[in-house]
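Protein chains in written order, with the working numbering: chain A, 13 to 261; chain B, 13 to 261; chain C, 13 to 261; chain D, 13 to 261; chain E, 13 to 261.
Any given hint could be a false lead.
What the hints assert, rightly or not - Listed below are the simulated DSS-like cross-link pairs for lysine-lysine, each with C-alpha atoms no more than 30 Å apart in a straight line: (1) K150/C x K66/C; (2) K38/C x K53/B; (3) K58/B x K38/B; (4) K38/A x K38/E; (5) K103/B x K38/D; (6) K103/C x K53/D; (7) K103/C x K150/C; (8) K38/B x K103/A; (9) K103/B x K105/A; (10) K66/D x K103/D; (11) K38/E x K103/C; (12) K38/B x K57/A; (13) K190/B x K150/B; (14) K53/C x K38/D; (15) K150/D x K103/C; (16) K237/B x K174/A; (17) K103/D x K150/E.
No lab work stands behind these hints, which were simulated from the structure alone.
Okay, here's what each chain looks like letter by letter:
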Amino acid sequence: MAEAVVTMDGWSVVHDTRTFDWASWKLTSEEVRNTAIKEFKELMKKWEAVEEEKLGSQSLYKVVGNKADFMFIFLRPTMDELEEIKREINKSKLGDYLIPDYSYVSIVEMTMHNPMNEGKDRKLSPQVEARLYPILPKWEHACFYPMARRRWEEANWFAIEKEERTRLLYEHGMTGRKYAGKVKEIITGSIGLDNWEWGVTLFAHDALEFKKIVYEMRFDEVTTKYAEFGDFIVGNYLPAEDVDAYFAL
Amino acid sequence: MAEAVVTMDGWSVVHDTRTFDWASWKLTSEEVRNTAIKEFKELMKKWEAVEEEKLGSQSLYKVVGNKADFMFIFLRPTMDELEEIKREINKSKLGDYLIPDYSYVSIVEMTMHNPMNEGKDRKLSPQVEARLYPILPKWEHACFYPMARRRWEEANWFAIEKEERTRLLYEHGMTGRKYAGKVKEIITGSIGLDNWEWGVTLFAHDALEFKKIVYEMRFDEVTTKYAEFGDFIVGNYLPAEDVDAYFAL
Amino acid sequence: MAEAVVTMDGWSVVHDTRTFDWASWKLTSEEVRNTAIKEFKELMKKWEAVEEEKLGSQSLYKVVGNKADFMFIFLRPTMDELEEIKREINKSKLGDYLIPDYSYVSIVEMTMHNPMNEGKDRKLSPQVEARLYPILPKWEHACFYPMARRRWEEANWFAIEKEERTRLLYEHGMTGRKYAGKVKEIITGSIGLDNWEWGVTLFAHDALEFKKIVYEMRFDEVTTKYAEFGDFIVGNYLPAEDVDAYFAL
Amino acid sequence: MAEAVVTMDGWSVVHDTRTFDWASWKLTSEEVRNTAIKEFKELMKKWEAVEEEKLGSQSLYKVVGNKADFMFIFLRPTMDELEEIKREINKSKLGDYLIPDYSYVSIVEMTMHNPMNEGKDRKLSPQVEARLYPILPKWEHACFYPMARRRWEEANWFAIEKEERTRLLYEHGMTGRKYAGKVKEIITGSIGLDNWEWGVTLFAHDALEFKKIVYEMRFDEVTTKYAEFGDFIVGNYLPAEDVDAYFAL
Amino acid sequence: MAEAVVTMDGWSVVHDTRTFDWASWKLTSEEVRNTAIKEFKELMKKWEAVEEEKLGSQSLYKVVGNKADFMFIFLRPTMDELEEIKREINKSKLGDYLIPDYSYVSIVEMTMHNPMNEGKDRKLSPQVEARLYPILPKWEHACFYPMARRRWEEANWFAIEKEERTRLLYEHGMTGRKYAGKVKEIITGSIGLDNWEWGVTLFAHDALEFKKIVYEMRFDEVTTKYAEFGDFIVGNYLPAEDVDAYFAL
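If we strip away everything but chain A, and leave its shape as in the complex, we get (with noise of 0.2 Å):
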């Protein structure tokens, strides 16, 4: 039996996907319209304000191609904060043509596999704080997608020594670290709350490098050998002073 991994936890975290129904907003009459989004930006502002009280964090994008129109990733304190967005956002008028969607329900993960953070007191660290309770980047692209680690006989994961899951994860950062300014991610762990394993939430300012820091990886060895993939979303960031523009008719 393998030695578990010790995690360090953060916010809890949704990414709550929903699909626009234009097809009913264009029947509603332009007050109502104008109603549902000034209750919307007075919703964004609320969650602003939590925001820059570092009492959680969100974005908010506008996604590519069909799987949906819009992905919120809101990051809090508890799941019982996360419930409470997602029924106000329905609550909500402008709700009524959010269509809920996909979702994913972590929690920020941070692991001691790093042999360069051993030995520290990483409670204490003002970096760790910031990795367990981040403040999304309000960069111009976000890609999500969730995964697992292979329980294959000639390859499980859980089953390997811990020195060698270190040594697979070390490898796995050094190429993280070529898309350093280009790429953040933040990892969230998903085992006992969804499907998958992990959720990864990557942000950048030119979506080619999503494709450019997956692609690399996917010839790292921990990848090839242990990596399952569910599916990728990506989006442009929405910035409240847009949403006026985006539910124009």
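On the provided structure of chain A, position chains B, C, D and E as indicated by the hints.
Structure of chains B, C, D and E alone, referenced to chain A:
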């Protein structure tokens, strides 16, 4: 041919998830909404009376993410009662807005694998009674997932010796024990009843414990080698006194 | 190349599941509802007359959980009659609320695997007649699931010798025999007709017996090594005299 | 690298399944229904004229079970005509009730595997013409399923020698021959056109023959080792003269 | 660890499929239909102007079978423009009837595998420009499918040596060359962007060529051993001048 397991079996169980149709709910008059909520709260009271008489148990959860909005868990002595409850919900006014989604049918199950329990006349023990006919803890969070055991050529759970199965499950139980007081677990069997082989329902005061226990257990030999998992769903407990607030517009 | 099996084939069968549209049903006037129920009960009478003449058989089940609300099982001499019955239901008033869901098409099948039956002129035996053209027992519960045999390199059902297949199925039959009086079983073949290779329909007075028999059989060598299972659906028998109560609001 | 197969290719084919919206159909006035049926029968006549001129062929089937209500099979010289026919159906009045479901796109295919045909100038043979541009038999039942050949390490159809492929298919053809007069078969290729590699369309006077032939063929070495199957759909032939009765309320 | 591939990357691409809601379209007045078509044709003109300036490209296809009715292919310098085009379609009047279906997001990709191209300063070559920023050929038919490379223990594309990958792809390219003038191909990479690893878009004057090339390539060692395929979709080119006829009732 390996020796078949002997089980003790308790209440029948349904995990019944629902999506709430907020858009239609908003179109309804306040009067109709109030009547619907009142009727639903009476249903809840009726169910609570069953629980007080120890003739069944249930809990209602607000689901995190878009997999559903509600998860009901009902335990009753017969499958007939489970179907009647479903119909009663569907016939109720609120039922018009509680769109049926994923469900799971199973029966509370105890096996004789645990060697510490052998040799006892378990049928008469109040502990066994409490496990076969459990009153669901009203803890803040619940997690449900179905699972199966592999029947691969090189890892076939149903073909290995009973002693090996007992050893593996004992070790697995030791991991579970570390979470005493933090996580409660109900195992239900669904072979012959639903698509996977077992259902696992976990309860916790802190949803992070779901991640911790399932993650740690993933390193147990029995999981590493023999476990396959279905979809995970996580919810926050909804007590009767919060029902009004939940549906308020 | 292994010797192909010889089968005896009886009635054509459809397992037809339906979800009931309660929300629309409630919007209908009591008069329309009464007319719809009356018409449906006349259909049931017509079907019962067919059963009395031994020209077919059927039963109706209330499904537990959200997979469906109803499961009809129809057995008839031809596929034409099965399609006509479907259309008759869909054309009926109640049919507007019986939304078609999952179905399964097969033909009652007996094979020559059981060595105890060899050498008999089975065609003439009333026992064989009763098995090929079975009148469904009106027991309290039914369970349906489709299955297939593996064609893996190391476990290929269709490539092993006939004697080995006979031995494995004989052993399997011995497990089944323990449940005489508790579980009745109808095996239907669906190769060339539907997505899996066989359908298994079980009947019991106590739904726990479905779990017990399928669980015990999972340890049979033939299941352990060669079986793949589709979705399981469990229902409670709905006799004609309970139809009014079922639909009453 | 194994030698690629050489094919002869005939008409383009679409298997187009539809679910009939009975509830909406009943809400329509008798006049509209009559007009819709009349228009549909004119479409059928137009298609029959094409068949009479040997410029295509088609048949319409009433599907058994809930996978669909109709299966159209259309064969035409070009993909353009197949798309135009779909659009013509959708534009017709009856098209409002013929909800599109599963479909399959392929091209009639003959291969040179059969050694008995080698050395002949097949292009000129009327037999080959009849197989590449087949007029569908108006037999009572049809069965459609798509299939693929395995590319497993230990069983890779596309990597074995041409002689071995020819031997396996010859043996397979011998099983088929036993059903001469009972089952007709049209093989269509869909590599590069739809999700599986081939479509198999069977015709029979007795639907039991679909089960018998596919069951027996499952023991052929080529099936045992190399075949993967998609969904099976079975239908009963609907001649033009029964169209009125089909839709009558 | 194998050496990662180096790619050159061009325009961002979305394959956007839509189902047309004919039943609602027929309920609309002729005036509204004319306005909707006029507005759509203006959109098309705007897109054509972009293509004329070589700032992007696009084509529209009538899909064969029921997978969809339309497939749009859009190529643009950024993901932002792809999302804006989707929104522009959805906001248009015709968008109310163009129900979003399956889509695929990728970026035009060239790799350095082809040894004939090595040592050249490809960035400056007009040929490379033409391949990275391709104007879609307005040929009669298009075929799209996504694919991935296996990461099996015995066949792991991302773990084999670069020379071996180059050899295999060179051989594969030789098969492709036989179809020069008959089939054009655009390879787009989707690792980190969508669910598979690459998208393949083929163009032909005769749809049979899709079957011929993909069939022949299935015998190439690289396909035989390493390829996995997603769904195939085939469409017929819809030029602007046929738009009126397409939608005419």
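Would the pair K103/B and K38/D pass a check requiring their Cα atoms to be no farther apart than 30 Å? holds, 25 Å
With the threshold set at 30 Å, check whether the alpha-carbon distance from K66/D to K103/D stays at or below it. holds, 25 Å
Hey, K103/B versus K105/A, does the alpha-carbon distance stay inside 30 Å? holds, 28 Å
Are K150/C and K66/C close enough, with their CA atoms no more than 30 Å apart? Measuring from Cα to Cα gives roughly 15 Å; hence the hint holds.
Pair hint outcome, K38/B versus K57/A [Cα-Cα no greater than 30 Å]: Since the Cα atoms of K38/B and K57/A sit roughly 24 Å apart, the hinted pair holds (cutoff 30 Å).
Could you grab the alpha-carbon distance between K38/A and K38/E and see if it respects the 30 Å cut-off? holds, 19 Å
For the pair we were handed, K38/E and K103/C, check the Cα-Cα distance against 30 Å. holds, 25 Å
30 Å limit on alpha-carbon distance, applied to hinted pair K38/B and K103/A: holds, 8 Å
For the pair supplied as a hint, K58/B and K38/B, is the alpha-carbon distance within the 30 Å limit? It holds: about 27 Å lies between the C-alpha atoms, which stays within 30 Å.
Do the alpha carbons of K53/C and K38/D lie within 30 Å of each other, as the hint requires? With a Cα-Cα distance of about 20 Å, the restraint between K53/C and K38/D holds, given a limit of 30 Å.
Would the hint linking K103/D and K150/E be met if the CA-CA limit is 30 Å? holds, 26 Å
CA of K190/B to CA of K150/B, is that 30 Å or under? holds, 21 Å
Against the hints set out earlier in the document, no violation occurs for any number.
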